[in-house]
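Per my numbering, the very first residue in the sequence shown carries number 16; after that it's consecutive.
Quick caveat, the hints were computed from the structure, so don't treat them as lab data.
Misleading hints may appear alongside valid ones.
What the hints assert, rightly or not - In silico DMTMM-like links for lysine to aspartate or glutamate, alpha-carbon gap of 20 Å or less:
1. Lys67 with Glu42
2. Lys140 with Asp37
3. Lys67 with Asp51
4. Lys63 with Asp85
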Amino acid sequence: MEIQPYVFFDGRCEQALSFYADTLGAEVMLKMQYKDAPPDANRPADPKNDNKIMHASVKIGSSILMMSDDCMSEDVTPNGYRLSLTADDLAHGEKLFNALAEAGTVNMPWQPTFWSKGFGMVTDKFGIGWMVTIPQGS
16 MEIQPYVFFD
26 GRCEQALSFY
36 ADTLGAEVML
46 KMQYKDAPPD
56 ANRPADPKND
66 NKIMHASVKI
76 GSSILMMSDD
86 CMSEDVTPNG
96 YRLSLTADDL
106 AHGEKLFNAL
116 AEAGTVNMPW
126 QPTFWSKGFG
136 MVTDKFGIGW
146 MVTIPQGS
């Protein structure tokens, strides 16, 4: 069994995919737009969503993150969670933290803590919360 996070964006999933590819080295494994779905007479698609992302799977390191433009909800707000990203070493962790912080909000600056030589919390420009850390002893 495994848990795979699924995060939703308010029409900016395509931009988020590009951002995570550039900043985290995310590899897009699958990307489908709403226009790719077969017609459903019981749930007709709104053409304004045709080019939005219905589903995407990206590989970041050895983890899979799933993403979508949630066109079924009125309000998409990522609350109550953060994605935890463990970097290889101190320099890599700080680089990832700074990249995610670009045009975002630093919630806890990158710094040593009693449990890690490098840890910080940031909310990226898409509203996704991240905790960036390095392994104990690195």
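Outcome of the hint check:
| no. | hint | in the structure |
| --- | --- | --- |
| 1 | Lys67 with Glu42 | holds (19 Å) |
| 2 | Lys140 with Asp37 | holds (14 Å) |
| 3 | Lys67 with Asp51 | holds (10 Å) |
| 4 | Lys63 with Asp85 | holds (13 Å) |
Checked against the numbered hints above, the structure breaks none of them.
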